[in-house]
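Undergrad: For reference, the chains in residue letters:
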Amino acid sequence: MQTQAQPIVAIKGLVKDFPGVRALSGVDLEVYPGEVHALIGENGAGKSTLIKILMGIYSKTAGEIYVEGELKEARSPVQAQAFGFGAVYQDVNLAQHLSVAENFFMGQLPKTKLGTVDFKMIHRATKEILESIHVHVDPKAIIRTLSVAQQEMVAIGKTIFQKAKLVIFDEPTALLTNDETKQLFQMIGRLKNSGVGILYVSHRMEEIFSICDRATVLKDGALVGTVPIGQTTQDQLIAMMVGRNVENMYQIQHQAPGETILKVDNISRGRAFSNISFEVRKGEIFGMFGLVGSGRTEIVRSLFGADVKEGGTVTLYGKQADFVRPAQGIKAGVALLPENRRAQGLALGLSVSDNINMVAQNKISRYGVVNNHESVKIAKRFCNALRIKTPSVYQRVKNLSGGNQQKVVISKWLEQDSELFIFDEPTVGVDVGAKLEIYKIFETLLKEGKTIIMISSYLPEVMGLADRMLIMYEGRQTGILSRDEFQEERILRLASGIKGKE
Amino acid sequence: MTAENKSLKQRQYNSYLARYQTELLLVGILAVLFLFFGNTSPVFFQLDTLMKLLKQASIYGIIAIGMVFVITSSGIDISVGSVVGLSGVIVAMGMVNGVPIPIAILLAIASSALVGLFNGILVYDANVPPFIATLGSLTIVRNLILLITGAKTISDLPKVFTNFAADSLLGIPYLFLSWAAFVCIGLFIAKKTVFGRNMYAYGSNKEAARLSGIRVRSVVYGVYIFCSSVCGVAGILLASRLGNGVPNAGTGYELDAIAAAVVGGASLDGGEGSVIGAVLGAMIMATLRQGGTLLGINSFIMEIIIGSLIVIAVVLDKVRKKRN
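Read top to bottom, the protein sequences are chains A and B.
Residue 480 in the numbering used here sits at position 480 of the first sequence, with consecutive numbering throughout.
Basically the numbering used here = 1-based index in the second sequence + 502.
Chain A with its partners taken away, still in its complex shape:
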């Protein structure tokens, strides 16, 4: 990092007001050429607002933005692009039905003499760019047919094509596997070496320490500080983010496991998973680890009845439990907190109360008529118990932060008084503070004699919380380890299908 050079972008005293809320209050930030600058903070700290102002999606209320020394402000995304700003979002925004090349040239498709699109030219140009960054994707491929990682690489390629001087990454690794993440980091390294400035938003501390030069921490819309990564520690950064010291995050009180309650015997479903067998005991946290697409999610969905499995048997509390409908799983005391809470867990346009009571409608109704008084009372009780931050139980869930949304989904199942809780990626997109609270909920559940199956792609989390762990690779189970056998290297080896001693 050359501190003498002029920053690509320098933000001074940035303020953004939304009706009734100050989202940013006087934030300063500088990104230099060849610097990877982490932007961190809990959800709601103002990171996205800052990015959106840079990218011309929101306009600022006050403050100054200097682009290479000149006072400028992007009033539209097109203008931001002209300044040399590019962004790669978590949910990649490419046109899903167009080809890679068409996405690169969107809005500026070159024409041939006949007035048709010059496909030859755009395919050639796209190919050159992709090759220059070692991305092996066919320019003619339709985006929708690519994996998430490939899509992200294409999105990065597009920013390079647009000659971006500043590239913003918004949680780029959330949906990537370990290998893909490695590739992404190599690419970020190359961008950095070519003098591009990078603003990197992530919740994952390990990543920040492996690729970033400096970190700027926001809390509640205010600047906490900017620190060189070399001179800080993870604990210090987390303390800056949450405003207090956090000891070992994963330290929760475990229970001695009781009798076997769930017996999964040799179940299979098409290409998703085959010959899976394991047992879960009362009061334990049973972890499931594997890369995205290794079949973990599909297994728990079939346990719950969301998908129908093709072979094998499942026994729950000694009774046959081969469910074909979620309603059956629910009746037997199984709760599923799905992988994608926005797409599968919540009715975003409905109120907190409606969502919390979604499963238990029949319990609080007589002759099909819902007792609204009761449902509001229940919602209020959970909002207090789980400390869900919302102005009222009538608030639409879409206005809540990720952590609070997750707590709403959890409430839905707590109310149902389920026995076996399946958490599929419970802390994705959830800030540190809410994570700790979710772990506390785990602790309480265990204390009440409930059992937990937890899927996570984030190894430190599974290792920190699980009593035992099932490891998957491409639809097969490659091992079951107990807590004293948890070693990072061993688990990663199993999860990537490398044959070891097992």
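To be clear, the hints were calculated from the coordinates, so they are not data collected in a lab.
Don't be surprised by glycine CBs; every beta carbon is placed ideally from N, CA and C.
Among the clues, some could well be false.
[Unchecked claim] Not everything, but these chain B residues come out facing chain A in the computed CB check (under 8 Å): (1) 694; (2) 699; (3) 700; (4) 702; (5) 703; (6) 707; (7) 710; (8) 713; (9) 715; (10) 717; (11) 720; (12) 753; (13) 773.
[To be verified] Quick look at which bits of chain A chain B covers, simulated, 3 or more residues with Cβ under 8 Å: (14) 96 to 106; (15) 112 to 118; (16) 360 to 373.
Fit chain B to the known structure of chain A by using the hints.
TA: What follows is chain B alone, placed relative to chain A:
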């Protein structure tokens, strides 16, 4: 009373306002229209005019309530006009063939419900997009009517039947009373029943609803059957009003019903829809038509104004949502 308490009250009040924003806006628009027409036309506020307005709004209004249900579940039903026609013709044919009036009415409603079931099966089991499924029903049902009637109007209906639409109770038209009854039923189902709450959940997020153990099939069947049955009733009322079973009755009603629902705040993306909103939407459109007629405004211009109103309502709604 502490300051904190006060701000809590204020917040609750604000959230209450926010929840009924669309409805309040529509009441405002309706009030403005009433004042405008009342001031420009001397007869607008006469009882006779107002009754006519209510009668006109009633039949559309009843259909709009069914439509709100379907739209809330993220579907659409454009076969409503055909069902109105079917029901009117069946009740008329029944009566002229000597079937007792109550039985004829039940027959008409049952056959309407059957169309709803058919729509539900197409949408849920065959996975046909609702627009296409009900477009099919629209065509099939309308031509079925023409086939069974030979495209001829069925006349000479019993006086008891035809008087219903003209008569009133204590000065309030029966038509309007029927509408009011359906508003109450619609509100009750939407707000108070498990089915109603499941309908909102399903419309808002199908997968989340399924994973929450909601019987998705019964929600889909339910909304389409409800909508068609309600249209069946509207068809009977229309036949009473027209005094005949008219094969082409109800043609084009789907547009007004959708418009009333959407002006009333229902979102075509599902998960949002208000019975009261639809009622107000239907009232606004009827008021515009009635007022326009009184002022002698060219009816083409009137329809252009109504069309614009629909578009403006949707645009305003989008803008409001974007701001939130």
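Undergrad: Going by Cβ atoms only, is residue 703 of chain B closer than 8 Å to chain A?
TA: Residue 703 of chain B check passes; min Cβ-Cβ to chain A is 5 Å, inside 8 Å.
Undergrad: Holds or violated: residue 694 of chain B as interface residue toward chain A, Cβ cutoff 8 Å?
TA: holds, 5 Å
Undergrad: Let me know if the C-beta of residue 713 of chain B comes in closer than 8 Å to any C-beta of chain A, holds or violated.
TA: Since chain A brings a Cβ to about 5 Å from residue 713 of chain B, closer than 8 Å, the hint holds.
Undergrad: Double-check residue 715 of chain B for me: the hint is only fine if its C-beta lies closer than 8 Å to a C-beta in chain A.
TA: holds, 4 Å
Undergrad: With a cut-off of 8 Å, does the beta carbon of residue 699 of chain B approach a beta carbon of chain A closely enough for the hint to hold?
TA: holds, 6 Å
Undergrad: Let's test the interface hint: is any C-beta of chain A closer than 8 Å to that of residue 700 of chain B?
TA: Check passed: Cβ of residue 700 of chain B comes within 7 Å of chain A, closer than 8 Å.
Undergrad: At a threshold of 8 Å, is the proposed contact between residue 710 of chain B and chain A supported by beta-carbon distances?
TA: Constraint on residue 710 of chain B satisfied, holds at 5 Å.
Undergrad: Given residue 717 of chain B as an interface hint, is the shortest Cβ-Cβ distance to chain A below 8 Å?
TA: holds, 7 Å
Undergrad: Counting residues of the segment 112 to 118 of chain A whose CB is closer than 8 Å to a CB in chain B, do you get three or more?
TA: violated (count 0)
Undergrad: Tell me if residue 773 of chain B is really an interface residue toward chain A, meaning its C-beta lies closer than 8 Å to one of theirs.
TA: holds, 4 Å
Undergrad: Using the nearest Cβ pair, does residue 753 of chain B come within less than 8 Å of chain A?
TA: violated, 34 Å
Undergrad: Is the coverage entry for the segment 360 to 373 of chain A by chain B consistent with the three-residue Cβ rule at 8 Å?
TA: holds (count 7)
Violated hints for the displayed structure, listed by number in ascending order: 11, 12, 14, 15.
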